[in-house]
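Reassemble the complex: the two chains are provided individually, in unrelated frames, and hints are given to aid placement.
Here the protein sequences line up with chains V and Y, keeping their order. Numbering-wise, this note's numbering puts 243 at position 243 of the first sequence, and it's gapless, one number per residue. Numbering-wise, this note's numbering puts 7 at position 7 of the second sequence, and it's gapless, one number per residue.
Calculated directly from the structure, the hints in this document are not laboratory data. Keep in mind that a hint or two might mislead.
[Said to hold, decoys possible] Across the chosen pairs, the derived CB separations fall in these ranges:
1) D118(V) <-> E135(Y): 51 to 59 Å
2) E135(Y) <-> H315(V): 57 to 65 Å
3) M67(Y) <-> G140(V): 25 to 33 Å
4) M67(Y) <-> D118(V): 35 to 43 Å
5) I79(Y) <-> R29(V): 31 to 39 Å
6) V210(V) <-> R77(Y): 30 to 38 Å
7) Y142(V) <-> S175(Y): 22 to 30 Å
8) S175(Y) <-> R90(V): 16 to 24 Å
9) V210(V) <-> W234(Y): 52 to 60 Å
10) G285(V) <-> E198(Y): 38 to 46 Å
11) E257(Y) <-> L16(V): 37 to 45 Å
[What the hints assert, rightly or not] Partial list, computed: chain Y residues near chain V (C-beta under 7 Å):
12) A128
13) L129
14) P214
15) E217
16) L219
17) V221
18) L224
[As the list claims (entries may be wrong)] The following residues of chain Y were derived to be distant from chain V, with all beta-carbon distances above 12 Å:
19) P83
20) G183
21) P197
Note that beta-carbon positions come from the ideal geometry of N, C-alpha and C, so glycine has one too.
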Amino acid sequence: MNDIRTIALVAGVLLLLSIVTGVGQFLKRHPDRGIDAAAVRTFNMRIRGWWVLCTVLAAAFWLGSTATVTLFGFVSFWALREFITLTPTRKGDHRALFWVFFLFTPLHYVLVGLNRYDIYSVFLPVYATLFVLARAAVAGDYKRFLERTAKIQAGLVVCVYCLSFAPALLELHVDRGPEGINQLSSRDANFRLLFFLILLVQFADCMQYVWSRMLGQRLVAAAVSSNRTWEGLLGSATSTALLAAVLWWAAPPFQPWQAAIVGLVVAIMGFAGGMTMSAIKRDRGVKDYGTLVVGHGGVLDRIDSICFAAPVFYHMTVLVIGS
Amino acid sequence: MVSRQLSGMKKNTILSFRFYNSSAQSLSRHQPPFLMLAPADMPTPPLDQSVSRSPLCKITGLALAGMARLLAGASIRWIASQPDTCQRVYFANHTSHLDALLIWASLPRLIREITRPVAAKDYWSRGALRRWLAEEVFNAILIDRTDIKVHQSPVDLMLRQAGDTRSLIVFPEGSRSTSGEVGEFKSGLYYLAKKRPEIELIPVHIDNLNRVLPRGEFLPVPLLSCITFGPPLWLERDESKLDFLARARRAVLSLKE
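Isolated chain Y (complex conformation) (with noise of 0.2 Å):
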């Protein structure tokens, strides 16, 4: 059922989206702060990159989603949400390097060539194989972890690579944890909301995966992990940061059971 209703969504959904893009209007509409602060030196991103997406590129996607799934024995849920192709903000504990890949995984493949993961540029920029992954398979949004300027900050960043159509994948602890707690979040989701606020923000636990991947070690142990995606929650009227974060955390545990 879930497929019928995607696929009717991409006919209606994505199309009028992508025309949507091609249109400076709606660019105006929605963003003009970012592009016009912008320093000059910071080209606009294409927005619809998975359209130009070579083959080679969707192959090695599908098949490391697919391997991943395997390796992680990942079990999916989705606890009062459902997959959509609007535009959303799925936000995770981090606990593995695998995270990130995983739940791009765990979305149904139509969701999955929208969405965008987040990932540290100082990490997936190193070696010509890891870009490639990142910026062609996973079409991942490279933050600078040790370059961060006033007028060129993370969230803009991403909201602007995001443009009207794209979903995104952030991990509001920052980094992972070691403990297998999950950390304080850090503000970067509550500025996310706050310029976006019609944005759907996803909250997701993972579950295990610390187990299969720890922080410092580079060979899986293939256990069996669980993904669970949880319904929806938006920024309220008059929310403190310090509230609506905490909030957003507690929503992410609550999918623990």
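Isolated chain V (complex conformation) (with noise of 0.2 Å):
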């Protein structure tokens, strides 16, 4: 916490989140303006559940990369107990599925917080794919197997594989400071260019329903989602890549035009992941992963878009530091 523009990100977090949780209550006492209840509702439900990830997430800083891993572990855990619940599998998938969780999902976070990028990378993709393959056929159940198969496979990857590229970003070295290598500095900036990631998705999120609710037209696929509209995409990833600019200090190895870039490509990547999930609960005929666990929203429902931003936020830091 000794680096200047963590502070600055800390306290100018702090400030925004309390702008903004002062609007949502002066428009729930002041219920004669205009705005319609239940979206004022909606809107103070998400104040909330980002104190919740601010708070969580500081937690997990302040504990160190060790505990970030863990964090993002669990929480990709219980994203694929959601995705597979609502996926059906067969019985023939049972021992699977029990590797599954209880193997490849552990040790591929192990291998993250490990920083063994040449295993994790293929570990989930390959060797968990071909593994879940030749368990449901030995296990003798041969009707839908691709379907079946390909359905696990699509959990770990989305659920575990691409999240876990959040919490990698730790690992990178990627202050190149005046003074070298400040092991203190460099930590920092790890946890600054994860924040970054997580805040441009939130704001992409919200600027996606925002600017829906203002311009929005033409709807991208009815059938699949009844907000997400084209201007949406459009107004959601200009305003994303200006504020990524705008905070292009925050993010260690980026200039204002390369971040601006990333905001960009991670508001797309966003707008994609949550998509892909409305199409996957479209089918299945719920609403949101949440509605077995009863009070709150899914797990998969607020990580959706991280988890498709994620993998493509690493590698243009990759891309970035290497050139």
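As structure tokens, this is what we get:
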């Protein structure tokens, strides 16, 4: 926390959250402003979600990178639970699923924590896939074989593999400051990079909603999502690129123009993630992944955009560092 | 609010029930046929076992309940129904070995203490650990499926062990279904309701637990499951056995939504 840029970022986010909370509470107290009450309630719930997110992230950051990787590991585990719960599998998949949950997912996060990119970049997409295919075949059930195994593989890639690129940012050597690699400030830089990603994704989600509400005319795919429009996507991509360019100083390896491109891509990937999860939900006939868990929306509904944006963000960062 | 209700209820209901238990008068009022018809070699079991349970059993029970709920990602819903310490029979669809444990774990702790799962003796008395778990921790009523006699019917045995205070967890299908469909109910639930018409029968629907631990598997997959408790039902006057069993089965199915 001894880095001036970290303090600035934390202070800025706290200030922004406080202002937004104030606006939310004001709208709640004055229902006669012509904004419908349901939207205000959704808005306030969203704000509460951000406070929780920031608190959890701050705690994890404070505890260090191992704690952060572990936290993301548990989030992946829970999201995969929701994914597989909503995906019909057959009894022949049971043993394969056991290993997916209790061996492949934890081991992948251990490899991420050890920074073994050479192994973890192929561990799930190649080895887990081969294992799931073979295990389901050995179990002796050939009904809809490819369909079942593809579902398990899709769950693993989206919920575990992709999300793990977010905490993997902590292991990159990002800060090449004038004084050489300073251990403390390098750690801060990594955490800022991760926070930058999460901030951009949340902002893009939010802007998508706002622009769709204000200018939305053409739905991208009416059958899949009734509130995602081309105007929303365009507006969200532009505003996120702007925010990223303004906040370029917080994300260590980027120049302002690079940060803008990153913001643009993150917004598009977040949009892709939301659309994909909507399509799966529509197919299964549920509104959100949390319908099985009473009282709150599912974890998967919260992280779908991050899952899609994280790997792209990671590789763009690596590309910039390498150049 | 529920917990406050319960703690109030604990003082009134449980204590007074305990008092009733120890008085021979209440026993003779409620259960004369079974006690008198019981063979001489069947000692009347102690009715209030939870009071004397050791701390180790209690801690194991709490830990297992917590683990089961965590592993099965159970969300618990009460639809038009409330947890209560009055005597009840919870009847549910049977899909997995975890069913009884999870229903037991889904009940608030106070109610769990007075609720006894009904389980198969041939499975649960094999090995010292299983027997200890069944008898001491879950306080289960073990029914011998291979040795059912005329004047020692499982229903009589259950009712005798339940006494006036204990609630029961039963699975009227008799065995776990393999297909995931809810099978026809066996007649035991009808005779239970007929012999003790004042007991509340609570339908319970268990969703997705057959995927957590299917029949024939011993390693669980931690998917999310849902336990739904429904409103109580009773045997209607002049209701036939088939009608009642069909109605009870529909009550469980209706909780699936």
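Report task. Enumerate the violated hints, using their earlier numbering and listing them in ascending order. Result -> 12, 13
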